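K.L.:
What follows is each chain in one-letter form.
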Amino acid sequence: EAGVAQSPRYKIIEKRQSVAFWCNPISGHATLYWYQQILGQGPKLLIQFQNNGVVDDSQLPKDRFSAERLKGVDSTLKIQPAKLEDSAVYLCASSLENVQYFGPGTRLTVT
Amino acid sequence: RKEVEQDPGPFNVPEGATVAFNCTYSNSASQSFFWYRQDCRKEPKLLMSVYSSGNEDGRFTAQLNRASQYISLLIRDSKLSDSATYLCVTRSTLTFGKGTMLLVSP
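Chains as they are written, first to last, in our numbering: chain A, 1 to 111; chain B, 1 to 106.
In short, the hints are calculated from the structure, not lab data.
Any given hint might turn out to be false.
Unchecked claim - Below 30 Å or equal to it, Euclidean Cα-Cα: the simulated DSSO-like pairs (lysine-lysine) are:
1. B:K45 / B:K2
2. A:K44 / A:K83
3. A:K44 / B:K42
4. A:K44 / B:K2
5. B:K2 / A:K83
6. B:K45 / A:K83
7. A:K11 / A:K71
8. A:K15 / B:K42
9. B:K79 / A:K83
10. A:K78 / B:K79
11. B:K45 / B:K98
12. A:K44 / A:K15
13. B:K2 / A:K62
To be verified - Taking CB as the label site, the calculated pair distances span:
14. A:G28 / B:T93: 20 to 28 Å
15. A:V54 / B:K79: 40 to 48 Å
16. A:Y10 / B:K45: 36 to 44 Å
17. B:L80 / A:V99: 44 to 52 Å
18. A:L39 / B:N65: 27 to 35 Å
19. A:G72 / B:E3: 27 to 35 Å
20. A:R16 / B:R76: 31 to 39 Å
21. A:V54 / B:S68: 32 to 40 Å
What the hints assert, rightly or not - To be clear about the criterion: a stretch of chain B counts as covered by chain A if any three or more of its residues have a C-beta under 8 Å from a C-beta of chain A, and this derived list gives those stretches:
22. 45-51
23. 94-100
Predicted, not measured: the structure shown is a model, and the values here were computed from it.
Ideal Cβ positions, reconstructed from N, Cα and C, are used throughout, including at glycine.
Construct the entire structure; sequences and hints are all you get.
P.N.:
Written out as structure tokens, the structure reads:
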């Protein structure tokens, strides 16, 4: 069974630039999550989708971060404009019931 | 008090040792808990679910203490390949701890 796919795997941008990440969840998984993991920290939930609706985006910095899951499958996470403190690994996960399965992540470096 | 707290370690143990980690949580309404394992520069992978009655899978045992609001992970007969960071998470709020690093040496 294919796992959660993410792209790109690595991205380096300058501050104030924009960046977008893509996630394709495990087939049939209705719930999709985006996490931010800063070095030395645990993953921090940014947003949770159930199909194409937002369940929780309370920790998403909405002045610069946005996410969508228009058809209830793939999802994109965008940062505009990026700040130095956005340097982190952005993890996408999906779940059918309680257990979350993570993708390999996108490592973002903002210079 | 942070919602989920873990001792960051590192825990340095020799092969064959038994080691245990705890994870405390502040939300008494939390129902479901999980332990994930994360290797360096990799994504978290599910290790075990934590049930009220405890859960054992080979060398790994997970337990829940609701009265004291913590979950534990016990690893028996440690292997070199057990070296990783162990993350706990409460399912209700999807809050992860910072993780506990385990280093198993020959």
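K.L.:
Can you tell me whether the CB distance of A:G72 to B:E3 sits inside 27 to 35 Å?
P.N.:
At 29 Å between Cβs, range holds.
K.L.:
Could you say whether the range 20 to 28 Å given as a hint is met by the Cβ separation of A:G28 and B:T93?
P.N.:
Taking Cβ atoms as reference, A:G28 and B:T93 lie about 25 Å apart, which means the hint holds.
K.L.:
Would you mind confirming whether the straight-line C-alpha gap from A:K15 to B:K42 stays at or under 30 Å?
P.N.:
25 Å, holds
K.L.:
Take the C-alpha atoms of B:K45 and B:K98, compute the straight-line distance between them, and say whether it is at most 30 Å.
P.N.:
Roughly 15 Å separates the two Cα atoms, so the pair holds.
K.L.:
Straight-line Cα separation of A:K44 and B:K42 no greater than 30 Å?
P.N.:
Since the Cα atoms of A:K44 and B:K42 sit roughly 16 Å apart, the hinted pair holds (cutoff 30 Å).
K.L.:
Could one say that the CB atoms of A:V54 and B:S68 fall in the range 32 to 40 Å?
P.N.:
Holds - the Cβ-Cβ distance for A:V54 and B:S68, about 35 Å, lies within 32 to 40 Å.
K.L.:
That 36 to 44 Å hint for A:Y10 and B:K45 (C-beta), does it hold up?
P.N.:
20 Å, violated
K.L.:
Do at least three Cβ atoms from the stretch 45-51 of chain B come closer than 8 Å to Cβ atoms of chain A?
P.N.:
It holds: at least three residues are needed, and the stretch 45-51 of chain B offers 3 whose Cβ sits within less than 8 Å of chain A.
K.L.:
For the pair supplied as a hint, A:K44 and A:K15, is the alpha-carbon distance within the 30 Å limit?
P.N.:
21 Å, holds
K.L.:
Are the Cα atoms of B:K2 and A:K62 separated by 30 Å or less?
P.N.:
Since the Cα atoms of B:K2 and A:K62 sit roughly 23 Å apart, the hinted pair holds (cutoff 30 Å).
K.L.:
Given the hint that A:K44 pairs with A:K83, does the C-alpha gap stay at or below 30 Å?
P.N.:
17 Å, holds
K.L.:
Given the hinted pair B:K79 and A:K83, is their alpha-carbon gap at most 30 Å?
P.N.:
Between B:K79 and A:K83 the Cα gap is close to 41 Å, so the pair fails against 30 Å, i.e. violated.
Going down the numbered hints, you'll see the structure goes against 9, 10, 16, 17, 20, while the others check out.
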